[in-house]
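Visitor: These protein sequence lines map, in sequence, to chains Z and E.
Just so we're aligned: 314 in our numbering is position 319 of the first sequence, and the numbers increase by one with no gaps anywhere.
Just so we're aligned: 21 in our numbering is position 26 of the second sequence, and the numbers increase by one with no gaps anywhere.
By construction, these hints were calculated from the structure, which means they are not laboratory data.
This one's a predicted model, so the numbers in the text were calculated from it and none came from an experiment.
Worth double-checking, as some hints may not be accurate.
Pairs involving identical chains hold if they fit within one copy or between any two copies, as the list cannot separate such chains.
To be verified - Below, a list of computed lysine to any residue pairs in the SDA-like style, where the Cα atoms sit at most 20 Å apart:
{"no.": "1", "residue 1": "Lys285", "residue 2": "Arg59"}
{"no.": "2", "residue 1": "Lys354", "residue 2": "Arg27"}
{"no.": "3", "residue 1": "Lys285", "residue 2": "Glu248"}
{"no.": "4", "residue 1": "Lys354", "residue 2": "Gly205"}
{"no.": "5", "residue 1": "Lys285", "residue 2": "Arg307"}
{"no.": "6", "residue 1": "Lys285", "residue 2": "Val56"}
{"no.": "7", "residue 1": "Lys354", "residue 2": "Glu158"}
{"no.": "8", "residue 1": "Lys285", "residue 2": "Leu330"}
{"no.": "9", "residue 1": "Lys285", "residue 2": "Val68"}
{"no.": "10", "residue 1": "Lys285", "residue 2": "Asp78"}
{"no.": "11", "residue 1": "Lys285", "residue 2": "Ser57"}
{"no.": "12", "residue 1": "Lys354", "residue 2": "Arg5"}
{"no.": "13", "residue 1": "Lys354", "residue 2": "Asp344"}
{"no.": "14", "residue 1": "Lys354", "residue 2": "Ala155"}
{"no.": "15", "residue 1": "Lys285", "residue 2": "Val208"}
{"no.": "16", "residue 1": "Lys285", "residue 2": "Thr69"}
{"no.": "17", "residue 1": "Lys285", "residue 2": "Ile70"}
{"no.": "18", "residue 1": "Lys354", "residue 2": "Gly329"}
{"no.": "19", "residue 1": "Lys354", "residue 2": "Ser57"}
{"no.": "20", "residue 1": "Lys354", "residue 2": "Gly125"}
{"no.": "21", "residue 1": "Lys285", "residue 2": "Asp115"}
2 protein chains.
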Amino acid sequence: MTASAARRARLREALEGAGLDALVVSHLPNVRYLTGYVGSNAVAVIGRAVDRVVTDARYTVSAREQVDDEVAVTIGPGDLTGDLAAAVAAIAPSGRVGLEAAHLSMARGAQITARIAELDPGVTVTSAVGLVEGLRLIKDDQEIAAIARAADMVDTALAAVLEAGIVGRSERAVAFALQTRLFEIGAEGPSFEIIVAGGPNGAKPHAVPGPRVIGEGELVVIDLGAIADGYCSDMTRTIPTGPLPARLARAYEVCAQAQAAALAAVRPGIGCAALDGVARELITAAGLGKAFGHGLGHGVGLEIHEAPRVAREGTDTLRPGMVVTIEPGIYLEGLGGVRIEDLVVVTDDGGRVLSHSPKASISSATV
Amino acid sequence: MTASAARRARLREALEGAGLDALVVSHLPNVRYLTGYVGSNAVAVIGRAVDRVVTDARYTVSAREQVDDEVAVTIGPGDLTGDLAAAVAAIAPSGRVGLEAAHLSMARGAQITARIAELDPGVTVTSAVGLVEGLRLIKDDQEIAAIARAADMVDTALAAVLEAGIVGRSERAVAFALQTRLFEIGAEGPSFEIIVAGGPNGAKPHAVPGPRVIGEGELVVIDLGAIADGYCSDMTRTIPTGPLPARLARAYEVCAQAQAAALAAVRPGIGCAALDGVARELITAAGLGKAFGHGLGHGVGLEIHEAPRVAREGTDTLRPGMVVTIEPGIYLEGLGGVRIEDLVVVTDDGGRVLSHSPKASISSATV
């Protein structure tokens, strides 16, 4: 059984549990996960008696190459609604069909619902949320291996660029050098727009690398990820470029301690909100709670941000096979920022860190 | 008045026409177009008496820098629903609010609708489609200048890479070289994953560049775009690498003629379906109609694919200020493919082509 066949079998169990005869899978990472399809326009219908991908003529050849043999491929016009509705109606003449309500637009959902009703008024269409994402939460060995490869690429690229030196170069030049390295070592791409943010720009967690030249005695936040075999990695290091103002040095120290404590707390059974709390309480106790304005982390896989959400609002509990980031940050407007992020796979008794780039020691930051 | 203030004024007119007091703008390119916000998580509420962007704490600093002074910025938690609903309820205590149904997921739409009803049962929430896209159809001079810059970048990058020679290099290496050039000359990025597809791979309109080495006597489809100031360009050239098999040479010739005819037909007042027909009839008359499986083109702007749709199903009519691609293709499975694409801005009396890379002459392809 191929990996995606096993995933479809698990989805069928989940569908049965949800009282559904079929699911219209419109979120592309979910389509890829379940069928192998890699492209920009497809919908899958997976159910009791159906395994089908509907895509358009641009993908006639590649879809046939990519998609599991057990999955039928229909080529429709660019707007897939018609063929999709026919596929649904054909398989569930009086059944219940779920739409991926978290990913399907209101307009498209209404269109599909109307078409299905036209073709077969006996079919009930209902909203379904998180069915495939629930499966994707737990990565299999093949997926973890891909994520680990993507994490290794980031380690390699960052080491090369730091080795060449970053002081005196613009943020944009450093980001470009990182990206070029990633491609050179075989990444399919960066998994998001690389962040290089020095000095005051570091106070913007999602800064866009600009013309600012990196100076001495500042913190430089470098956040990057790679894609390998469709899977993402994500890592942040904050580089002190020399002796720091006391407030920045302290922020670095507090962030590093919080990150280490949260990493050490990763294990099956801990709640995502509790894990966020491990880091947040340390940062808050240091009087910097307000400067940590985002969640501790997020799942990583076919998407750079996926379940589980590791934050105060997180409701999941860690289980073996989950892959999450641990990335507390402290942002001091006008002065600078620090974020330290590792990618961790939850194991049977703890966590295995997939990102191996060295971290600046706290003492080196405070020198 | 800034460009985005003028756009918001035009949106207010459109809202009045649609009987709406406010629009919840959730599609990020629309948020950028109307407010200046550039980031990954924001919703704007624009209406009779409101100009507001709701984003999260990662963008506290950058949103304030980017967004028009007249637009208020609220920082909410990562899930913006709560703050958003409050903004809507505050401005339209008994009015009609539109949601961007083409871009808002069913689940999020239901959530927002429920929150608004909780806060203010007097507000009517309704689906709205294409209001901002309708404005974006017609580009202003500043937008056209950005698209032209992005088109120039593609011309420059392609010329450099072709100059270095492509025979004997892998598709992936050529794509990587193109991308590197784009960044070197200041592109914010490629506007989509660059396509380099030689030999039989050219028969896949959206092929992913692979390890296949480009040989002599084949057609190589190179489709790439750049981003400049947030605006996209898009261009395809098909390169004959030497004398071609007769079927391929003929496909090239037919495609080139169809493309030239369609380019010449670009003018205000022509229907998008009729324009598609100009190319399609020529290709069909040559017996290759079935090998042209996609539409003739699409609008380009903040998004690489936007309105109008230039296809058999296209319902728009060209107007001055629209920017569209003209890109017929002929795909012969197992043998190869050809696509020739230019980017054209519709002027008062015709079209101005923004992409200037030379095209292989038909005679050179048939040598």
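Visitor: Could you run down the list of hints and mark each one as holding or not?
Guide: Status of the hints after comparison with the structure:
Within a single copy, Lys285 and Arg59 get their C-alpha atoms only as close as 52 Å, which misses the 20 Å cut-off; across copies the closest is 18 Å, which meets it. Proximity of Lys354 to Arg27 under the C-alpha cut-off of 20 Å is found in neither arrangement, the shortest distances being 35 Å within a copy and 36 Å between copies. For a Cα distance limit of 20 Å, the shortest separation of Lys285 from Glu248 inside one copy, 16 Å, qualifies, whereas the shortest one across copies, 65 Å, does not. In the homo-oligomer, the alpha carbons of Lys354 and Gly205 never lie at most 20 Å apart, since the shortest distance is 24 Å inside one protomer and 35 Å across protomers.
Taking CA atoms no more than 20 Å apart as the test, Lys285 paired with Arg307 passes inside one copy only; the shortest distance there is 14 Å, against 55 Å between copies. With identical chains, the CA atoms of Lys285 and Val56 are at most 20 Å apart between copies only, with a shortest distance of 14 Å across copies and 53 Å within one. Taking identical chains as interchangeable, the C-alpha atoms of Lys354 and Glu158 lie at most 20 Å apart only when both belong to the same chain, with a minimum of 14 Å there against 43 Å between chains. For the identical chains of this complex, Lys285 and Leu330 are intra-copy neighbours only, at 15 Å inside a copy versus 61 Å across copies, given an alpha-carbon limit of 20 Å.
In this homomeric assembly, Lys285 and Val68 come within 20 Å of each other (Cα to Cα) only across copies, at 19 Å, whereas the closest approach inside a single copy is 52 Å. Taking the closest pair of Cα atoms, Lys285 and Asp78 come within 20 Å of each other only across two copies (19 Å); inside a single copy the shortest separation is 51 Å, beyond that limit. For the homomeric pair Lys285 and Ser57, the shortest alpha-carbon distance between copies (18 Å) is at most 20 Å, but the shortest distance inside one copy (50 Å) is not. With identical chains, the CA atoms of Lys354 and Arg5 are never at most 20 Å apart, being 40 Å at best within one copy and 51 Å at best between copies.
Taking identical chains as interchangeable, the C-alpha atoms of Lys354 and Asp344 are never at most 20 Å apart, the minima being 25 Å within one chain and 61 Å between chains. With identical chains, the CA atoms of Lys354 and Ala155 are at most 20 Å apart within one copy only, with a shortest distance of 15 Å there and 40 Å across copies. Taking the shortest Cα distances, Lys285 and Val208 never come within 20 Å of each other, neither inside one copy (28 Å) nor across copies (54 Å). When the C-alpha separation of Lys285 and Thr69 is checked against a cutoff of 20 Å, the pair qualifies only between copies, where the shortest distance is 16 Å, while the shortest distance within a copy is 52 Å.
Taking the closest pair of Cα atoms, Lys285 and Ile70 come within 20 Å of each other only across two copies (13 Å); inside a single copy the shortest separation is 52 Å, beyond that limit. Neither within a single protomer nor between protomers do Lys354 and Gly329 lie at most 20 Å apart by alpha-carbon distance, with minima of 24 Å and 51 Å respectively. For a Cα distance limit of 20 Å, the shortest separation of Lys354 from Ser57 qualifies neither inside one copy, at 42 Å, nor across copies, at 27 Å. In this homomeric assembly, Lys354 and Gly125 never come within 20 Å of each other (Cα to Cα): the closest approach is 36 Å inside a single copy and 48 Å across copies.
In the homo-oligomer, the alpha carbons of Lys285 and Asp115 never lie at most 20 Å apart, since the shortest distance is 55 Å inside one protomer and 31 Å across protomers.
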